[in-house]
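Peer 1: Sequence:
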Amino acid sequence: MLKPTVPCVWALALSSALATAADGPLNTALIPVPKLENDSYDWYARHEEVLRVGRAINPEIVLIGDSITHFWGGEPKSALANGPAEWQAAFGAHRTLNLGFGWDRIQNVLWRLDHGEFDGLQPAVVILHIGTNNLSDTPNARSNTAAEIVAGIREICRRVQAKAPRTQIILMAILPRGETADDPYRQRIQEINPLLVPLGQEPGIHLLDIGERLVQPDGRIAREVMPDFCHPAPKGYRVWAEALLATFAELKLLAPVP
0 MLKPTVPCVW ALALSSALAT AADGPLNTAL IPVPKLENDS YDWYARHEEV
50 LRVGRAINPE IVLIGDSITH FWGGEPKSAL ANGPAEWQAA FGAHRTLNLG
100 FGWDRIQNVL WRLDHGEFDG LQPAVVILHI GTNNLSDTPN ARSNTAAEIV
150 AGIREICRRV QAKAPRTQII LMAILPRGET ADDPYRQRIQ EINPLLVPLG
200 QEPGIHLLDI GERLVQPDGR IAREVMPDFC HPAPKGYRVW AEALLATFAE
250 LKLLAPVP
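Sequential numbering of the sequence shown, starting at 0, is according to numbering that gives the first Met the number 0.
Keep in mind that the hints were calculated from the coordinates and are not lab data. These figures come from a predicted structure and were not determined experimentally. Ideal Cβ placement from N, Cα and C applies to all residues, glycine included. Wrong hints could be hidden among the right ones.
In the DSS-like style, the derived pairs of lysine-lysine whose C-alpha atoms are separated by at most 27 Å in a straight line are [said to hold, decoys possible]: (1) K34 - K162; (2) K234 - K162; (3) K76 - K162.
Ranges of calculated distance between the beta carbons of each label pair, as one might list FRET restraints [unchecked claim]: (4) G91 - Q186: 30 to 40 Å; (5) K234 - A161: 21 to 31 Å; (6) Y43 - G119: 13 to 23 Å; (7) Q215 - G115: 40 to 50 Å.
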């Protein structure tokens, strides 16, 4: 399995650090790093699998994200697939690669993009949903501010556009989190998503916000939509799939299926 050498990580960190303001704290979301947190799978093995199957799939669609994307379904296959029917409905007609990694933060995605996961790919569409884990404080990484998270998401878009200039990016607003509207996570996400609007107006980037479709009129998230108030159940993935299909059609992003 590929594991980075210390000099490699230091070089990446130094490069990102030099790009930050000298008079403020470093934006950790901009410093590419490999695995930070333990989850229910082997992070490095999944990275190697992506490198192995990515070009073979020659995807028309690539999803990039964290566990919300990882545990939806698709290739590379995961031990968990929480919305296989909804995945088939959204992507079954197209070659699709899932670059979702459980517990990933923005800085993990940047590392993966810098270490070959998107190299040689020219999909019609990238669907990007990332940032919710950057709200968490752990011994391995601090939480990030709304401005830091948006700067990190912008950097991911820049990486994708540099590698695949004709690819269109569907940038997902961060999905609601926490059972009630006054949950601290929900409040912080509501700070982030408006800051994504200017990015979603840039050429080749299309912002898609499905948050209101996942909550009830009183702002609560139902357990049948998100059992843990973070990860979608099939009903939640169905909302996402329907929104994506409508966006594909509206923007004419994919060739008609014979």
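Peer 1: Which of the listed hints are broken here?
Peer 2: 2, 5
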